[in-house]
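*Asks:* Sequence:
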Amino acid sequence: MDQFVNKIRFWDSKESATFSSRHQSTTAITTTTTTKQTNVFCTDETIDYKAYHLCAYDPILGVLICVGNNEPVVVLASGRRRAVLPVRKGTCWLNCHILAGTSSFLLLSPDCLLLLDYTQRNPTCALFPRGKSETFFTCLHVPQGVTWGAVGCRNGTVAYWKLKQEENNKVSLVWTALTSNVSEFCRPFLPTTNPTKDGYIYAMDSYATSPNMFIAVISGVSGVCKWDIEENSLYTLFTTSGNTIGSALTTCKVTPGGTYVVATTRDVSVVLIWSNSGKKKKDKSVELTWVLETGCRLSTNFVNLNEENEIDDTIAPSCGIYIARSTGSSTHVQSDKKCQMYLLLYSAKDLVEIVVDMEEKQLIQREDILANVAALQLESTLSPDSKDMITLQHIIPCTCSKYWLGMCSETELNILILMIQDSGPLLVERSRAKRAVKCITEMLDIPRSSSSSDNEMFIVKPPIETMYTISPFMGKVREETNPWNIIFTGMKRVNASEFTKEEDSAIIGIISNGFSGGICLLPSSNECLPIPQELIKQDIICSGCEYVEGDGSLIILERAFPEPPETTKVILRAVAKEDMVTLFIMHLSPPKVESFLLFSKEMLASIASLTTGGEYGAVARKAILVECHLESLDTTCSEFNIMHGGWSILLQLCDGSLILIDLRSVGDVEKGHLPHMVHYPSGLFPAGTSVTSFHTTWLDWDDVPERSKSRIDGESSLVLFCVLSGQKGLLVWDMSRMRLLTYFQNTEREDWRYNSLLTHSKKVSFYESNWGKKLLISISLKIDSTTGGSNTNEGCIFLRDFLGRLLISFSVGYGLDGNNVWYLKRDNIENDCHPISSADAQSIKLCINIVDNQVVVDTGIELSLGETLFPCSHIAMVETSFSWTFANLVWEFLEEKQEGVAESEKEENSKLSRDVSSDQREEGSVLLCGDRKINMFRATQLATSGGEKKSLAIYQIPSGCVLEHAVVCKSLRAILLLSRDANKWRWFSLFDLNSADELMKPFVMTHFVHEEGDLRIYPVSIKGDGVHVYILGRGGTLGHLLLSREASEEVARFNQGHGYFTNSCYIPAPAGFRAYARFLPSPPTMKQEHGFLKRLMTLPWEDVVLKIECEVLCSERSESFDEFQERITRPLEKTPPTAPKQPDPEQERKELLQGSRYSELKSIAARENVTLSEARRIMSENRNRLEERGERIAQIENRSRELAEQAATFEELARKLKEKQRNRWF
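First residue of the sequence shown: 1, per the working numbering; consecutive thereafter.
Keep in mind that the hints were calculated from the coordinates and are not lab data.
Be aware that one or more of the hints could be misleading.
Subject to a maximum C-alpha distance of 27 angstroms in a straight line, what follows is the list of computed DSS-like cross-link-like pairs (lysine-lysine) [what the hints assert, rightly or not]:
(1) Lys1001 / Lys970
(2) Lys1023 / Lys774
(3) Lys281 / Lys337
(4) Lys1107 / Lys1216
(5) Lys1107 / Lys984
(6) Lys984 / Lys949
(7) Lys1162 / Lys1220
(8) Lys438 / Lys338
(9) Lys1001 / Lys984
Derived CB-CB ranges, DEER-like [to be verified]:
(10) Lys89 / Glu456: 32 to 42 angstroms
(11) Arg187 / Gly1190: 22 to 32 angstroms
(12) Gly1190 / Asn232: 12 to 22 angstroms
(13) Asn641 / Ser971: 17 to 27 angstroms
(14) Tyr468 / Asn232: 51 to 61 angstroms
(15) Arg739 / Ser761: 21 to 31 angstroms
(16) Asn414 / Ser1200: 27 to 37 angstroms
Glycine residues also receive a C-beta, built at the ideal position from the N, C-alpha and C atoms.
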């Protein structure tokens, strides 16, 4: 254990910018390379739901907000669209609240109240405590249907805030002049005269029928305090009659009808119930009505105490109450006395629902929901936790059909969201008939891996047409497939136009070998949208693969053409089964699936001696694409030359042998037209070993100083590099000549201990990276150096697709029958010559396009050359025949938008043109990956046996770590490494590919500490948005890092607004309940449980709210954070505060010598044992306090006078109304 503890790397304040694993950490490390100084900024944008502990739900818009400490706020809407909002770091959030029907929500911390809008990235405004540390916030409450609320403080006071309309049509958050000293209200009921440790307000609630009435639970007070904010005085104290449990209350709630008040302790073991209409004593106290034991217990380990055994106010108590009534009328509120009450109680270790009859004081039913959740988890694959291992942090019921609590029935408690420590949000569906849990669904970005193999993710960048096909169905997933859609009901569907706004960044990731669905990634907005399994199978991206999980199938190859960040046109996928290997070509636009090649086990067995299947029972293990093709040397196809160009697939069979299959020669396999193939038997490799990793590269022997004399100049070979199993060494094989080049064996003298390898070349395949609709071919005559004239020329042009398959061929000629005229001739058609006019007799340009599978040549007059041999194919490369007599042919792709471009842009586009006879090969590099380091060699070094094999570069893994995955990022010209230490922390490193310089210090991530197995990294380059690196985990978390060259890029991206929540239904909350009422459903008809005269004298709910907003809650100036910080950090003792008015020192000295004031100062100094200067300061403070007290008394007198006038007016109105009602009665 000591050796594992010693490896734990603790926080270093000097390296906080480097090792911070959250979004505030923008790592900027400067490294001096051989060329220039390079900056790479790394930002962690991973959304790890396990770090969130609070949530709030909007039943009107169907929006869920998740809040976590040191985490950005995550807003989830229909289709799992999400917005990520950065908030303050280093803050412990106590509570959150959504103003239902709007995009505004509130966050509360001990020192801040934030108002945010999830359609914007920046906070709207904030409020701070108005005193010292004893006024720090503890709880938040917002009555339903209003835009004001209350904040409980640590010193027992309650501050009130409201939304205020500003001049710029924005809404701000301001304090009001009203403050209620609830602790002072309860002072007569406290056991001691000066309880210094009492006054902490745990929880508050208000009456749905009377929003001016508040209740609160306060530390040190045995009961629940009820006060009237209009009178700002105590109304009732619900006492516990000497019961010791009363001092341990932590939360309270009012029943929907306002008839009862319910409170419970931190462990929800006991529920105390009071009747609101109970007999009130002279001291305004009401006796306890009922004490109900719930059978729950909580260990003392979960009580938040500090070192002095005091309640830790930085952690909100994990307990709460939700109340609903039995099903009744849908339009009228039922009486609390006439129906059963459903109490949902939760603590850190318990979640129970009890059904009670308040009037009869009878417990009808009790259900342990947490035990049912734990039992279902044991049966599922989520987690093997028991009930004792589950720690609840927060729970909310999803009232999907109603907003007003007075209308909530027991059905609203059937769907719960549980915030569980180290697990994140869980959606729990209950079956009330069976008294059990129906379903538990985690909030995951990617599905959990259930297979033992390593996860792989295939990334494509689909065209807009594909996104328009997928997007309408993403929000229409059946509830059985994605139960989260039950609560995400804000929008009817996901609009495809939202994806077009981010068409440069929308990509799709498909989890291979699991086929449990896919994900749509929007890196710019940090969104991760799940794509259902049914949609993945039906959509063109995966259809036709015939993949069934558990049937022994294995995806051995997936490749997108072109690769991201370019828009994907075609996907090549190879699937191996027990009896066959199948290759599919999927064209995305227009959609078409092509079963390209099928090899049965019998066909493969005729080439290789296959006995049993390999991994998963498949006939093949792995496959890679090789940039080559096979050319037959005779008519029997028994001898081949491996030539550069086109694509072939190198297949590793279950017996360890390799087969090279030329894809450009694929015919009808069922008719016996097998493609060109070369078999490399397993006997070519050392006995007792197998190949674990292999790659190929082209080697030009002119670059090898030690090349054999028998080599011909310009000769090249396809070289195979193989890493042997058990770290037994490296083998290099010349595939062109079937000979062994070198074998580097792992011995005591030479360390060739590697697990895998990578090959890298600076060359980019032209026919892979450019997919234009139009092709421009330039042909010129070859000038005779002796005569200066030109001869008759003729040659054939071959147009091929991305695999090298022939689409069509045609001939070009010049000087036929002695005429200096260019002409075209379609193949296989005699006497089919079409003359072509050209302004320049020495050259000609042909513009070729494919229209409805017809190849059309435009030379002023359009000419059709015929249909392509393979429908839906694109022209990717051009070749000429061996009898080509013209000068070198030059060709380039032209996009439609390039027509009529400026000359400067044409010069830039000319970079795309290629000379078909030019040498496109370039020397490659080989990267050998071990456990602790990666060595890079030139391919020519490893292909020769002589000389010392010195690494060109060494990429060091962080100390104490083991390499998990390495990948080359071409856009950054760097290698990305992911390693793991003994604590299962992941370390992300970035090195320059050529110089091996460290571009940034290793970046630590702690999101995957619970996951076994190696993780995978996937870099995705986005135009104008840096490089996004996704880390594929196995436990449902998708890592996300952003790499950028400049800090300004990250800052500009940080300040960009989110583009999704721009729908007309997402509007910030207005100021005032009348403007806010249009966002809410109509309130229910409230049935008062009082007598006729009592109901007659009760004002309507709207009138009470209007009076509170206009008269009681008067706004005052808000305070900025700088002002709050300056005030809160101002010392109290050593530096005396500056008085508002400083008297003249000489005049003050004369007053002191007069005797009366001097004697008073002297007596104060003797009594307080301080100096005369200190006594003078105390006297000045007392004088200032008296002045302030006089001002307050004057304000109170004025307010009392106004209240008296209002009371007289109200009394007169009540008298007239009473007379009117009496006359009507008579």
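*Asks:* Of all the hints numbered above, which does this structure not satisfy? Sort the numbers upward.
*Replies:* 5, 6, 7, 8, 13 and 16
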